[in-house]
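> Listed below are the residues making up each chain.
Protein chains: 2
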Amino acid sequence: MIAKSQNKYYSLYERERKKIETKLEQSLKNREPKSLYSPSYYVIKGGGKRLRPLLVLFSVKAAGGKFSQAYNAAVAVELLHNFTLVHDDIMDNADKRRNLPTLHNKYDLSTAILSGDSLLSIAYESLLKDLSTSNLHNGNNSKAIINSFNKGLIEVCEGQSLDKEFELKVNVTINDYLIMIQKKTAAMMEMCCNIGALLGGGTKKEINALTKFGKNIGIAFQIQDDLLDIVGNENEFGKFVGGDLIEGKKTYLFLTALNKAKGSHKKDLLNVIKNKGIKKNQIKKYKSIYETLNVIEESKAEISKYTAKALSSIKNLRSKNDRDIFYWLADSLIKRIR
Amino acid sequence: MIAKSQNKYYSLYERERKKIETKLEQSLKNREPKSLYSPSYYVIKGGGKRLRPLLVLFSVKAAGGKFSQAYNAAVAVELLHNFTLVHDDIMDNADKRRNLPTLHNKYDLSTAILSGDSLLSIAYESLLKDLSTSNLHNGNNSKAIINSFNKGLIEVCEGQSLDKEFELKVNVTINDYLIMIQKKTAAMMEMCCNIGALLGGGTKKEINALTKFGKNIGIAFQIQDDLLDIVGNENEFGKFVGGDLIEGKKTYLFLTALNKAKGSHKKDLLNVIKNKGIKKNQIKKYKSIYETLNVIEESKAEISKYTAKALSSIKNLRSKNDRDIFYWLADSLIKRIR
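Protein chains in written order, with the working numbering: chain A, 147 to 484; chain B, 147 to 484.
Honestly, the hints are just simulated from the structure, not real lab data. Each hint should be verified, as a subset may be incorrect.
One copy or any two copies: either way a pair holds, since identical chains are not told apart in the list.
As the list claims (entries may be wrong) - Capping the alpha-carbon separation at 27 Å, the derived lysine-lysine pairs in BS3-like fashion look like this: (1) K420 x K481; (2) K191 x K289; (3) K195 x K451; (4) K315 x K175; (5) K315 x K180.
Take these sequences, add in the hints, and give me the full structure.
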């Protein structure tokens, strides 16, 4: 969650986030059959940062457009994101999401598969609405927008497949990991900024700048997510601290530690792979290995590096105010606690 | 399968079906990661009638266009169809499809969910290709085409949800059933003809005529599917005869029988619902109940009714040859044995 503050950008974020909440709910209300749409509605009511729709909105503005041109697209990217969460939760056997039972846990497997599919179908429907109503500079942007959205979908599937592949693979490099998170996490944020910039009718330069911002902030966001698994506050984070270690996930921290470790540390880390995870009472031990190997500080440095990369790409945006929104957002994401 | 014949339309169907096979394979070849695309490729190699892509091609031609304008759209509808099969097979706990292990059976649940999702993402990619290259009369058709495709996706999800709902519901009427199959089966065929007609640049009348053809032939096709479960030849049909009864599915035949039955027949049929299916050794008994109640003949009449409805809508198509293709296709579907 993005931390509360008196900041004017936080107020803007909150105001727009609330609008998105309402529009998300409206996108699923009054649809039949209830057996399909009630579960989807439950997922959407579960909340979330709504970061992806906000990226669309801030990008449309930075490219010279208005928020009002992009609400349907903003709803579309969040529905697409939730489609991935529902299906990923099945694949990861996750019981909870945002402190609530996951969909397959609350209902059943069939309902979760189908409601996931349905969220995706409504995502496209919402996106297509903006394409028919917004005052685009020319019809070609419509194609670019829908191509971009679809590319995001293709990449998120590929990224999830790599992620599942890595669970069974012994020799995953940091480079493999970066390719995976670019597809699984960053491609979607890249797409959000790209679509926003296209809807806003930005110049080629602006579109490229915003798209790069999305990609790099997405990489930073995912490494931060990996970091929060270790340094996060259990109550605030909404999921178990050390959960990635328990599941034996090959996170940025884990792979960096494995790269640097020697002797007994190396053996301990290889045991995580061998045993496909650790026990709950071993978390402290592994956290201390990470600390000894300076992995936590190195991860923070990597997050800063990608955040700086993201921010440098937008330094020539036309309005200072629009740049500042992204500076504030990047800063809030680094400081976030879940 | 459509029965072999010396008919010139059968030769055309076969020629185009083979082209579609190649293009379907190409759409998934040389993609990474293999962990995602090999399973999808396996599904596509499993074969099928390729009825939906052929509906696209015949419709583009009937609307005044050329096959070459619609190959990508034809591939798209078949990929979309296979996405639904992969996810439906999970939900139905089906072990086999077209005499081969289903995807979740050959690989695992996660692979099947994700490869299904991916088939859908590549379907959109393929559709979008035709939208950027075909010589459309105007850009608006592009939006109509993608809207139509997406409407097909939404309806097939809703139809599958109703189908799952009916498994648990006691009082399903024939009308409920017709609404369900319109969404689950007919909407997709309707969409195929609609997209073909739009790509071919047909007049409003032609588009409407072909779209109605798709819808009604889709309803006939599904009732025929229900009928084949009872009268089909086990070896040819590729799945178990009486399988719908064993699973307690509320097919057109079952609901019609339930409607007409009295006394002991009624009790026997209500037992199917109560026990959520029958035993294999009871199939003969239930087939004989269907025969006594004249349900098989009534189903055939219903199939003929919807087929006639489909054909009457296209009687004013500009070319006799194009009309004859549809007459041949409708006739072949009625005569099909699986």
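> Taking the hints in turn, state whether each one holds.
Going down the list of hints, with the structure as the test:
no.	hint	result
1	K420 x K481	neither (34 Å within a copy, 57 Å between copies)
2	K191 x K289	neither (31 Å within a copy, 30 Å between copies)
3	K195 x K451	within (23 Å within a copy, 53 Å between copies)
4	K315 x K175	between (43 Å within a copy, 23 Å between copies)
5	K315 x K180	between (41 Å within a copy, 14 Å between copies)
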